[in-house]
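K.L.:
Protein chains in written order, with our numbering: chain A, 1 to 723; chain B, 1001 to 1085.
Treat the hints with care, as some may be off.
[As the list claims (entries may be wrong)] Okay, derived cross-link-like pairs now, DSS-like style, lysine-lysine, Cα gap no bigger than 27 Å in a straight line:
{"hint": "1", "chain 1": "B", "residue 1": "Lys1041", "chain 2": "A", "residue 2": "Lys197"}
{"hint": "2", "chain 1": "A", "residue 1": "Lys530", "chain 2": "B", "residue 2": "Lys1024"}
{"hint": "3", "chain 1": "A", "residue 1": "Lys197", "chain 2": "A", "residue 2": "Lys293"}
{"hint": "4", "chain 1": "B", "residue 1": "Lys1024", "chain 2": "A", "residue 2": "Lys292"}
{"hint": "5", "chain 1": "A", "residue 1": "Lys197", "chain 2": "A", "residue 2": "Lys237"}
{"hint": "6", "chain 1": "A", "residue 1": "Lys688", "chain 2": "A", "residue 2": "Lys237"}
{"hint": "7", "chain 1": "B", "residue 1": "Lys1019", "chain 2": "A", "residue 2": "Lys249"}
{"hint": "8", "chain 1": "A", "residue 1": "Lys534", "chain 2": "A", "residue 2": "Lys432"}
{"hint": "9", "chain 1": "B", "residue 1": "Lys1024", "chain 2": "A", "residue 2": "Lys283"}
{"hint": "10", "chain 1": "A", "residue 1": "Lys237", "chain 2": "B", "residue 2": "Lys1041"}
{"hint": "11", "chain 1": "B", "residue 1": "Lys1019", "chain 2": "A", "residue 2": "Lys283"}
{"hint": "12", "chain 1": "B", "residue 1": "Lys1019", "chain 2": "A", "residue 2": "Lys293"}
{"hint": "13", "chain 1": "A", "residue 1": "Lys270", "chain 2": "B", "residue 2": "Lys1024"}
{"hint": "14", "chain 1": "A", "residue 1": "Lys194", "chain 2": "A", "residue 2": "Lys270"}
{"hint": "15", "chain 1": "B", "residue 1": "Lys1041", "chain 2": "A", "residue 2": "Lys269"}
{"hint": "16", "chain 1": "A", "residue 1": "Lys292", "chain 2": "B", "residue 2": "Lys1019"}
{"hint": "17", "chain 1": "A", "residue 1": "Lys150", "chain 2": "B", "residue 2": "Lys1024"}
{"hint": "18", "chain 1": "A", "residue 1": "Lys292", "chain 2": "B", "residue 2": "Lys1041"}
{"hint": "19", "chain 1": "B", "residue 1": "Lys1024", "chain 2": "A", "residue 2": "Lys248"}
{"hint": "20", "chain 1": "A", "residue 1": "Lys248", "chain 2": "B", "residue 2": "Lys1041"}
{"hint": "21", "chain 1": "A", "residue 1": "Lys94", "chain 2": "A", "residue 2": "Lys222"}
{"hint": "22", "chain 1": "A", "residue 1": "Lys432", "chain 2": "B", "residue 2": "Lys1024"}
{"hint": "23", "chain 1": "A", "residue 1": "Lys248", "chain 2": "A", "residue 2": "Lys150"}
[Said to hold, decoys possible] Listed below are several chain B residues computed to face chain A (Cβ distance under 7 Å; list not exhaustive):
{"hint": "24", "residue": "Arg1030"}
{"hint": "25", "residue": "Thr1037"}
{"hint": "26", "residue": "Ala1064"}
[Claimed, not checked] For each label pair, taking beta carbons as the anchor points, the in silico distance ranges come out as:
{"hint": "27", "chain 1": "B", "residue 1": "Asn1071", "chain 2": "A", "residue 2": "Asp234", "range": "23 to 33 Å"}
{"hint": "28", "chain 1": "A", "residue 1": "Arg720", "chain 2": "B", "residue 2": "Asn1071", "range": "50 to 60 Å"}
{"hint": "29", "chain 1": "A", "residue 1": "Lys432", "chain 2": "B", "residue 2": "Pro1012", "range": "20 to 30 Å"}
{"hint": "30", "chain 1": "B", "residue 1": "Gly1013", "chain 2": "A", "residue 2": "Lys549", "range": "21 to 31 Å"}
Keep in mind that the hints were calculated from the coordinates and are not lab data.
As the structure is a computational prediction, the values presented were derived from the model and not from experiment.
Glycine included, each C-beta is placed from N, C-alpha and C at the ideal position.
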Amino acid sequence: MGLTNNSVGINAIDSEFIIKKHSPSDKVIAIAGNPNVGKSTVFNGLTGMNQHTGNWTGKTVTNAQGFCKSEKYSYVMVDIPGAYSLMSESPDEKTARNFICFGEPDAVVVVCDATCIERNLNLALQIMEISENVIICVNLLDEAERKNIKIDLNLLSERLGVPVIGIVARKKKSLKSLLYSIDCLIDNSQKNKKIAKADYGDTIESAIEIIEPEVKKIAGEKINSRWLSLKLLDYDKSLIDELNSYLKKDIFSNSDTDDNILKIIDTAKKYLSENNISIENLKDIIASSIVKKAEEICDGVVTSENKSERKNFSISDRSIDRILTSRITGYPVMILMLAVILWITITGANYPSQIISDLLFGFEIPLTHFLETIGAPTLIIEMVVFGIYRVLAWVVSVMLPPMAIFFPLFTLLEDSGYLPRVAYNLDKPFKKCCACGKQALTMCMGFGCNAAGIVGCRIIDSPRERLIAIITNNFVPCNGRFPILIAVISMFFTYDSVSLSTSLISSLLLTSVVVFGIIMTFVVSKVLSKTILKGVPSSFTLELPPYRKPQIGKVIVRSIFDRTLFVLGRAVAVAAPAGLIIWLMANITIGDCSILKHCSEFLDPFAKLIGLDGVILIAFILGFPANEIVIPIIIMAYMSQGTITQTDDLLSIKQLLVDNGWTWVTAVNVMIFSLMHWPCSTTLMTIKKETASLKWTAVSFIVPAICGIVICFIFTSVTRFFI
Amino acid sequence: MEKTLTLNDVNPGQTAIVKEILSKGSMRRRLLDIGLTENTKIECVGRSPLGDPCAFLIRGAVIALRCEDCNDILIYNRTDKVRRV
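Looking at chain B on its own, in the form it has when it is part of the complex (with noise of 0.2 Å):
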């Protein structure tokens, strides 16, 4: 079987699909606030100097999450966003 994805897999410039939100209590609904639901398309956009947090595109925001918090949600795959020459 195929490893489970989670956001941290995603790298800046990748985009992914969120299959499962596995977070729990006050962080859970937090990211459903914030319009991060299953099947929400969701760009890393790019990472702090020491790696953790990463920087996602959201629907049309940029939110910052911790690797901790990455780790709950799932994803389905992942594309290479297609860079304009």
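Just chain A, with the same shape it has in the complex (with noise of 0.2 Å):
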């Protein structure tokens, strides 16, 4: 349903997992799948929570939990990031498994697609070998219907040896069956039933043979044996670091008996060598296994009746494909698609914004008779109207709606499953840049919070393009920035934005500025993968799902509501504060003037040289918490400064500012300057627990401020060339 409160902003930074039980009697349920099957609507379905999901891989990069209750149990429910594997090797299927291995879950929930179950069943038997309490959910089964491929669940359940539920995850309803399996699990573990394992062959079979009595003395019966002996053999380094600190000892430190593991590792892996397998051959022929086997379950299954209907459902999903990936309408739809977006923004942002400000400093009067009534000093009674309230309103009138405008039409394209398009297309323009195509899913995110794109960073492999992905994120205007752009643009470059002319150019012009910070985003990672972080691009595989049609009505309730909540809540986290410092700052004097002032006039020449000014400088660095504030600070910096105006609208503003010396020069140097400068502090914060180093946080600092600053310096200089 869109990035939601709890995944971005502070929350993006995710902690040290810990399950949370209400009480001690709390089962453990983990939402496991393969990416983009809908394990978050599931787990959005059992516990009301309202998780981040949308139409793409790899949405879900850490685990999230929830509390849900049956009629018999009630149950922690963790959501884990999808993975094709339990074998692989990017941070967000590592997040998986090591869930899943060590998380000592009561039972794990794979939820499959009903569209190409056998390869959904290549994670489902992997997951058998770990855990023996396992449900099959098989969802999107209206997709499987409309596509005319039929299943026998059954059938499935049968030849599985566990309980296989069919559900359509987006109605609530057939999740109870769901619960109730549940229950039934907790109720008779499935110790000794027969389980579908893959059969790896007679020599592998029995080199686990050789090692398993072992493992079983190491790692007793909380971690099945076989599974670990074969992993063991595989020799899996960071599966092996993580068991031991699961453990607590060193698995290979066991020195005081003759049996040591090691030696009976090297027995059976000579045996196997013996026997003409190589290590590996023997992830090949363990991997090829499995899907050999998932291929034997689903024959007669998986039936699709009438082959030729199934063939035209996926000729119109080829034939969106057509129009939005092909050599001549890739591209220009793409740059349309985002102008129409911006478009509806800036023209649908104007009512509500005006409507909200009316209402928000009509209220100032009342405020400062109230305080006056109970008698509060008229220093304080300023210090909180003028320095607190009128900064809060601020942010709220002038970010709340195009955000509640913006995320809503967003969220709209991303469950519709175009966003891994964009993905698709940017990719050979990121391999140029010697970078991953999927740095544009995570530049989407970056539109909603460049700190939930850092963490979305974690979708991509190479360790090298992830850092480019991540330093380069900032480069994306976030929800704070987006609006200081719009207010800019609509003061200084549409006069009257109700006419349709200039609404079409200010949205226009927005587009540039966005496609101006993506060209940036080329550069630059073109420029750090020639410099400190050289290197080739590596492979890539990207799914593209199937198109689906969005849960319009949900997805525009949920979204504006969710989005009112963040601004709402980071204007008082933030924008009070800020208030107050700015009002003190503006209202202590030094000598001759106030500090704000002996700030801004130190800031000024340096300021002047990029064309900007102190008192511009001075807002973008205590914005430096949040963005949102910026232009609350400016404003407010010009108003103590004398000419005291009406501030609630648009062009009182714009007369404020221009008394103070900008020109349409400025405002493009104010844009540039919002659109490329250091990051914000929680953006920063998620950049360091994302990199776990303070070299690459500095690095995502100073990239974008140089950025910035240099561009306003030539644009500066050019136009005073001309000008």
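With the hints as a guide, dock the two chains, each given alone in a separate frame, to form the complex.
P.N.:
In structure tokens:
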């Protein structure tokens, strides 16, 4: 349902994952599955929570948990990132594997996509090797039906040896049966049931038998010893590290026995190589045996009636693709789509913005009266009303409407499945810059919040490409900077945004600013991969999901509600204290003028060089905790310097700015600078967390700042030369 | 001898059977994970605007792969999909 409160801002930083139970008897249920099969939708349906959902691979990169009650038990549901298998190396898939292996879930629900169940069973079979308590939950039955794919769920359950439930996760009703079968599973554990297992052939099975007894001694009953033996043979380094920290000992330093595990593994390996199976071979055999098993199981379970109709269905998907990703129309459609969304945002935001600001500023006088009647001193009244309240009102009325319109639209696009096509279209240019096409997906997340975008970078497998994506994410204007751009454009480049032509012009301007940010992303990615992050592009797989019709009503309501909460939350947390600080700075005088004036005069010469002024630069510096407050700070600073004007509409604000020396050049520089300056504090904290390196955090701070300063300087010098 | 065909030789609309996967390391793993094993039927369903990457239908899902990676995937033969008129 688009970015949500849980996934952006300070919440994007994911902490050490700890299961929080309401009571000790709570059961822990992991919800696993391939990417983009509807795990988060199942999770939201069960817990009533509001996790970010969307029609693309890699949108959940961290574990999330929620509570859910059935008739018998209460559960802690854990939504884990999507994974194709438990053997791969990307950080989000590792998160998934670690939870299933070491998170000790009481049961695992494996969500499968009914339209390609065979591939989904690949993961399911791997999970069933680790845990017996598995429920297969076949989702998207409605989509399969439309594609004329029939699945014999009973036969599937019989062959797998675990319960199989068919659901349509978007419809809450169908989740009841799932919950019921979880209850049943908890009641009778499947310890002794015959569960389908992939057959690795006699040689490998014998090798496993050599290791297994020793592994049992070390790992005990908690981890399936057959599976672990196989992994030890395979020597999966990161898994062994996790295992050691889980068991709180180094399994290889077990020197007190003669049956050292290392020795035994070596014996088994020797046995394998005697039988012509090398380690590289082993990996292949393991992977293809599982795939083969899945094939066997599906044979006869999945039938597609009337093949021609099924083809027709995917043909409609392909013809949409032909328009959205073709050589001629691919890029124009992408830019058009962006421009239309921005146009609706700009035009639509005007009216609620006016209403909200009338309402909030109208409340200023009653608030003053109220404070007077309770006998507050004038100083306090001014501090509260002109400091805290005014900035708060400003942030809410300017920031809220555009974001409440932009995000539902963006979410509709996300739910439809368009975003992976953007990554698909842009992969070649990214490859040219030695980066990864999936960076486009993280940039899309960045529109909501750069911190969320940076966490999203986990979908990129190569560490080098991930760092590039992290450093350049700030070139996408986020939630807090978008409204700055919109406000400046509507003040300086369009005078009457009610008429169609001017609103078109402003949306085109905004589109070009965003496109400029994207171009900068390419340029900087290229420069980085030629200098401090040298390397060649790595390999790349990207799933293009089927197009789905978004649940329009639900998306709009949820998304508006959620954005409102987010903006209000930020406003209270950041804008209020910032309002107080800036008011104090403007009203405490040292010598002959205020602190604010001292600071702005100090910065003025440098700021003038890049076409700004001291006040604007101060506003960006003070906006470090949250960029939302930049414009309110500018206005307040100018107001405290004398000219008090009416400030409840854009025209009078424009007057205020022009009185303080703003020209269209200043306006352009402000836009450039808000697109490119240091990331906000939350984003930096997230970068620190994700890269675990101060150096890269510093680079992420410096790179956009230098870009902004240099480009503003060039632009200013050029215009000075001509004007 | 006939030239070895790779996935790059499959044009949109054509299908092929995978003969051998030469990729190494994590890419090999990833390909196996998404069900691209030997003898898998694979259909090319489109190209991106700049010709690379290409989209393939693999076991019911559409996956985009880069040209470089396709070079490592050998195929037996190409067949044109029978189009319904």
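K.L.:
So, for every hint listed, does it hold in this structure?
P.N.:
Evaluation of the provided hints:
1. B/Lys1041 with A/Lys197: holds, 24 Å
2. A/Lys530 with B/Lys1024: holds, 25 Å
3. A/Lys197 with A/Lys293: holds, 8 Å
4. B/Lys1024 with A/Lys292: Measuring from Cα to Cα gives roughly 21 Å; hence the hint holds.
5. A/Lys197 with A/Lys237: The hint holds at about 24 Å.
6. A/Lys688 with A/Lys237: Cα-Cα ~25 Å, so holds.
7. B/Lys1019 with A/Lys249: Not OK: B/Lys1019 and A/Lys249 at ~44 Å, beyond 27 Å, violated.
8. A/Lys534 with A/Lys432: Between A/Lys534 and A/Lys432 the Cα gap is close to 13 Å, so the pair holds against 27 Å.
9. B/Lys1024 with A/Lys283: holds, 11 Å
10. A/Lys237 with B/Lys1041: violated, 33 Å
11. B/Lys1019 with A/Lys283: It holds: about 18 Å lies between the C-alpha atoms, which stays within 27 Å.
12. B/Lys1019 with A/Lys293: Since the Cα atoms of B/Lys1019 and A/Lys293 sit roughly 19 Å apart, the hinted pair holds (cutoff 27 Å).
13. A/Lys270 with B/Lys1024: holds, 23 Å
14. A/Lys194 with A/Lys270: violated, 31 Å
15. B/Lys1041 with A/Lys269: Measuring from Cα to Cα gives roughly 33 Å; hence the hint is violated.
16. A/Lys292 with B/Lys1019: Answer holds: A/Lys292 to B/Lys1019 is near 16 Å, not above 27 Å.
17. A/Lys150 with B/Lys1024: Violated: A/Lys150 and B/Lys1024 sit about 36 Å apart, past 27 Å.
18. A/Lys292 with B/Lys1041: holds, 14 Å
19. B/Lys1024 with A/Lys248: violated, 33 Å
20. A/Lys248 with B/Lys1041: violated, 46 Å
21. A/Lys94 with A/Lys222: holds, 19 Å
22. A/Lys432 with B/Lys1024: Holds, because 22 Å separates the two Cα atoms, which is no more than 27 Å.
23. A/Lys248 with A/Lys150: violated, 47 Å
24. Arg1030: Holds, because the Cβ-Cβ distance from B/Arg1030 to chain A comes to roughly 6 Å (cut-off 7 Å).
25. Thr1037: Because about 5 Å separates B/Thr1037 from the closest Cβ in chain A, which is inside the 7 Å limit, the hint holds.
26. Ala1064: Holds, about 4 Å.
27. B/Asn1071 with A/Asp234: 23 to 33 Å: holds, 27 Å
28. A/Arg720 with B/Asn1071: 50 to 60 Å: The hinted range 50 to 60 Å holds for A/Arg720 and B/Asn1071, with Cβ atoms some 52 Å apart.
29. A/Lys432 with B/Pro1012: 20 to 30 Å: holds, 23 Å
30. B/Gly1013 with A/Lys549: 21 to 31 Å: Once the Cβ atoms are compared, 26 Å apart, the range 21 to 31 Å for A/Lys549 and B/Gly1013 holds.
Figure legend: structure checked against the earlier numbered hints; hints not met, in rising order: 7, 10, 14, 15, 17, 19, 20, 23.
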